[in-house]
Each structure stands twice: as structure tokens, then as C-alpha cells.
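**Student:** Each chain, letter by letter, is given below.
4 protein chains.
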Amino acid sequence: MRIRILVTGGTFDKEYDELTGRLYFRDTHLPEMLRRGRSMLDIQFETVMMIDSLDMTDADRARIVSRARECDERAIVISHGTDTMVDTAKALAAAGVSGKTIVLTGAMVPYAFGSSDGLFNLGSALSFVQVLTPDVYVAMNGQHFRWDACRKNKTTGCFETV
Amino acid sequence: MRIRILVTGGTFDKEYDELTGRLYFRDTHLPEMLRRGRSMLDIQFETVMMIDSLDMTDADRARIVSRARECDERAIVISHGTDTMVDTAKALAAAGVSGKTIVLTGAMVPYAFGSSDGLFNLGSALSFVQVLTPDVYVAMNGQHFRWDACRKNKTTGCFETV
Amino acid sequence: MRIRILVTGGTFDKEYDELTGRLYFRDTHLPEMLRRGRSMLDIQFETVMMIDSLDMTDADRARIVSRARECDERAIVISHGTDTMVDTAKALAAAGVSGKTIVLTGAMVPYAFGSSDGLFNLGSALSFVQVLTPDVYVAMNGQHFRWDACRKNKTTGCFETV
Amino acid sequence: MRIRILVTGGTFDKEYDELTGRLYFRDTHLPEMLRRGRSMLDIQFETVMMIDSLDMTDADRARIVSRARECDERAIVISHGTDTMVDTAKALAAAGVSGKTIVLTGAMVPYAFGSSDGLFNLGSALSFVQVLTPDVYVAMNGQHFRWDACRKNKTTGCFETV
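Residue numbers (this note's numbering), protein chains in the order written: chain W, 1204 to 1365; chain S, 1204 to 1365; chain B, 1204 to 1365; chain C, 1204 to 1365.
Keep in mind that the hints are not guaranteed to be accurate.
Copies of the same chain look alike in the list, so a pair counts if it works inside one copy or between any two.
Cross-link-like lysine to aspartate or glutamate pairs, in silico, EDC-like; alpha carbons within 16 Å at most [said to hold, decoys possible]:
1. K1355 x E1235
2. K1355 x D1290
3. K1357 x D1220
4. K1357 x E1221
5. K1293 x D1220
6. K1355 x E1221
7. K1303 x E1218
8. K1357 x D1290
9. K1355 x D1286
10. K1355 x D1275
11. K1293 x D1338
12. K1293 x D1263
13. K1355 x D1245
14. K1357 x D1286
I should point out that these hints are in silico values taken from the structure, not numbers from a laboratory.
Here the structure is a predicted model, which means the values were calculated and not measured.
Build the full structure now, drawing on both the sequences and the hints.
**Tutor:** This is the structure:
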């Protein structure tokens, strides 16, 4: 089973720019994270965009849906900012990308920080995508939710069932 | 779904003793790892032993089997040294612990080291245990293997299907 | 020799707020850094403020000068944002805090990030303060500069002699 | 001022071998540590040996003394295991390497571990070597000791004045 990882940015991949003191995007850390996890999975990486999900437009979401539909793989993990992850999950479901298991995941703390949840979430998402039946899911906090049954709790930062 | 994590030690939990220069076991890092992963799973921790799996005796393995059988949970993750992880998986299967999904995982590098695969494997194992049908599995390198279909490749350090 | 560490914030102590995605200040990491360095020095910590040095006003700088003058110690290290570190060094020199060795240091990357220079700079500053003759200095990039002989190169982020 | 760093191994540079589960030496981390500290110092690296200082023989110590004497630099930092650091300091003093400031330092925890004191000690030693008068010193725990006035306390792991 080959898995495609669509990289869209989000907190997962934010880095600290020491000259400006701001957070920004450079290259994705996903391949490095998989090397660290000693993953032996057959993975195809694709960086679709590198943005904060609060900045995503309908056009951006449409591009993600498009890549998910057109790629050869039937198992897809999408790294995404947590703020509008559910919106993208809904767009994917609405587009009817059938026969594929799609799992969106992200991080509350950038991987570049020592205390990141990124590696845990990535391991989690990659496992779910191998065993869940075709549909669109969100994988956060060790759990998985169907696209129409979750939301991000803005106060706690955690995802929960609705 | 409540998940029981049976801690047995292994490289996962090794620490560096600065006074002797040797690796040793103190307290398990598993709870701290789940906090870092921001896990919202309902987990019950149990430290069964803290040893290198090369030092496991039949009596040790019997105790692990015993705890897996007797605990209330139907989803169990076992942190374990990678060297004899498959032996313990086989012992669990032979004991016929029915109706439970048991996933063994470990790490090639101690969590206490910066470059550990531990957090990735833990996220992976916890996800598999929530979805796989009752049986005994090994989760390493992002993959999952049935107890009777894998081995550790001593040269590469990776797990593979047999 | 007792050393006073006056904490003023700066990149050294910035943290990532996972709910807002922004960098902010909470408690200083300096005591934890000294524990990690296994420092046996006699240190007195004092948090004067926790701000980005670009936000420092004359009143803020006056308070730092005031604390440096009034404290009992003759050896003082000041953790400070790098952007206006030289300005504070000049203010200290102008105030004529005599008989004291004062060393300002900071970090280009927050200590909370894995790749921080903070621990290196702290070790450096604490060593310089024990040996240099009374005056005001900046310690960055492994080097030390007198207050009237350095500036921060905004392009490279490094400090250099003028 | 050019500084020579003589690398001899010690806990500073130990790494974890995931295939054997043992600690061993590969390449020194010193250059990488200086990049992380954003050091602008003029440094010449020389790996003399990579061993645990408990395994040092008189011949090994003689080689270190030899390199310290023959190199062009007048400021030398030596990374060394802490167990017999004082013995090497004494050997250097006995050899009468005159006109040079030599500072030995090490680490209680390998740099490869997240909680290492290595970066702090390196920053400390490099600062001391730039300002102390020619002699042989040990720099540990934020402090500096003359070669004939210190020992390692085997119980606490810290260095103290004698």
C-alpha cells in the first residue's frame, strides 16, 4: 500500500525566523519526521502549499481536494493547520473523493519546538489511514473522527466529537 | 474505549545515568509522552516490569500474558524491548487471550534521546489498537504485523513480514 | 562570588502559545537552564521584566540600570533581547555603575526551541562575568565586547566589533 | 585570537548505537555545537582521539600533551571525559606547556541527549580560555579551577575546589 502525504503547512511545519523574530514556513519537516520514526512505509510526498490554515481560501481548499482526487494513491494523509482542518475535511467529503481513505492531521506545537505533538500525530494518522475504511477523517489527540462528527474546541485546543 | 498500556521497559524507557555512564531504568516516560502528544484517550497505565527484553525470562513473559488476560480492558498496548518483542507476541497468542486487541511496540532509540522514534511508535500503536480486530500485533516502523507474520531484522533494526 | 542574573525577557525566554499560535512570555527558563548546565555557581535570580527589547522604553531601561546599581552583587549577567542590547549596555555605562562587572547576553532562538543558542550564551556570559574587570560588556557568539565597541549586524544576526 | 579545540571524546561525544543498545563514539559533535551556539570565534578543530577517559593510558595523555604543545594556538580548549580530566590537566601542567591558556571541559550527559550540559560547558570553556592568564584549568559546572586545585566529586558528579 502506497500512501500519499499532501503537505499544506500549518503549525506542524512552522519555523522560527531568528532575524525577524517571527514564525514562517520554509521546507516541510515531514520527510525528516518519517526518518526519525524509522518508517518503512511506502510514502509519496507532495507539498501542495505551506500556509497557516486561517489563511486558506476556497481556492486553496479546492486545490487540496483536486490533488486528493487526482493522485494515484488510495490512502492519503494531509498535514494541515488545526484551525480549519474540519473545513477542509468537509470540502473533501463534499467533493465525493470515493474509494479513498483520507486522514487529516496537524500539530498544536511546531515540530521545530522540542515539545511538539507532531511526531505522535503523524504516527497516529499514518496508522489510521492503513486500517480505516474509505472516508474522510481527522486524527488528533490520539483519536480519529469522521469528517462530519468533530470540531476543534478553541478553548482547550483539542478535537472532540459532535 | 479504555486502553491499558502495559509497560515492560525496553529501549523506550532507558535513561542515561550520569554518575556511572551507563543506561538504566527509572520511571516510565509513557505518561509524559502521552501528555506531549496531547492524547485525549482514556488510558490506564500499568508498569509490569522495567527491563531490557534480552533479559526477559519465561516467568517475565508469563507475567505479561497474565496481566494482559486479567485486566478489564479489551484494547492493550504493550511497550517492550524490540529484541524479543515477537517472542512475547507469540506467548500472548499461544495463551489464547481472546476478544482483545493487543499491540506491542517499542523504540530503537530511548525517548530520553532527542532523536527517538518512541513518540511516533506510541502514536502508531495507540491508533492501531483502536481499529484492528482482536488478535496480537506488533507495531513498528509505521507498520503493523500479526504476531505470526513478523520478525526483527537484526542487521537493519527494522521489523519485516515473514 | 555571588552573581545576580537580571532577567528582562527577549528571545531567550519566548514561548509558543499553542492556542493563539503566537510567541509570548510566561516564566523565565533561566533557572532551569542553570540546572541543566549543572551550574554550581552562587546565583541570585531577579525577573525585572519579560519583554521584547524592541518594546523597551527609556523607563524600562532606567529600571534595569536601577536594579543593577542597587543590588548587592558585583557580578551581574543580564538576559536581554538582542535587538536593543547595546542600547541598554550604553545606558548602564552612562549611569556609571562603578565597581561592577556587567555582562549582557541573549539568544537568537528561544530556549524553548530545540536549536537554541541560549544555553551556550548563558555559559559564556557567566564565565566572562567571573573574570572580566569591572565594566559593561555584551557576550554573544562566543565573544565579548565592551559596551562602546559593538553593534548587532541586522543582516547576519551576529554581533561585531565597531 | 585563534582557539584550538582538541577533541578527545568523553561523555560529551558519546552516541547511542541502536543496533547494539550500547554507547559508542562516531564523529565529534563539537563543530555542530558551535554552529548551534552561533559562535563567531576563530576555531581550529582537531580530533586527537575518541575514547572514554577511564580508558586513557599514559601514552594517550602524552599524545594530548604533545598536541597541546606543538599546535600554533596559545588558547586551547580540550573536550575530555570527566572521570580523569584532572589527571590530564596535571600532565599538561607537568609538561610545562608555557605561554598557553589551556581549559579542559566535558559533559555529564552526552550532547546527543536532550538534557545535556555540553553546550553550557562549551560556551563556558571557550569564554574562560579567552580571558584567563596562561595556565591549565578545568571548566565545569559554570566554574573554573586551576589544575592543582580541583577534583571531581564521584558522588555528586560535580567538580570542587581542593
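**Student:** If a hint holds in the structure, say so; if it does not, say that too.
**Tutor:** Here's how the hints hold up against the structure:
no.	hint	verdict
1	K1355 x E1235	neither (27 Å within a copy, 23 Å between copies)
2	K1355 x D1290	within (11 Å within a copy, 41 Å between copies)
3	K1357 x D1220	between (26 Å within a copy, 13 Å between copies)
4	K1357 x E1221	between (29 Å within a copy, 10 Å between copies)
5	K1293 x D1220	neither (33 Å within a copy, 27 Å between copies)
6	K1355 x E1221	between (30 Å within a copy, 13 Å between copies)
7	K1303 x E1218	neither (32 Å within a copy, 39 Å between copies)
8	K1357 x D1290	within (14 Å within a copy, 40 Å between copies)
9	K1355 x D1286	within (7 Å within a copy, 37 Å between copies)
10	K1355 x D1275	neither (30 Å within a copy, 31 Å between copies)
11	K1293 x D1338	within (11 Å within a copy, 34 Å between copies)
12	K1293 x D1263	within (14 Å within a copy, 49 Å between copies)
13	K1355 x D1245	neither (30 Å within a copy, 19 Å between copies)
14	K1357 x D1286	within (8 Å within a copy, 34 Å between copies)
Hints 1, 5, 7, 10, 13, counting from the list given before, are not met by this structure.
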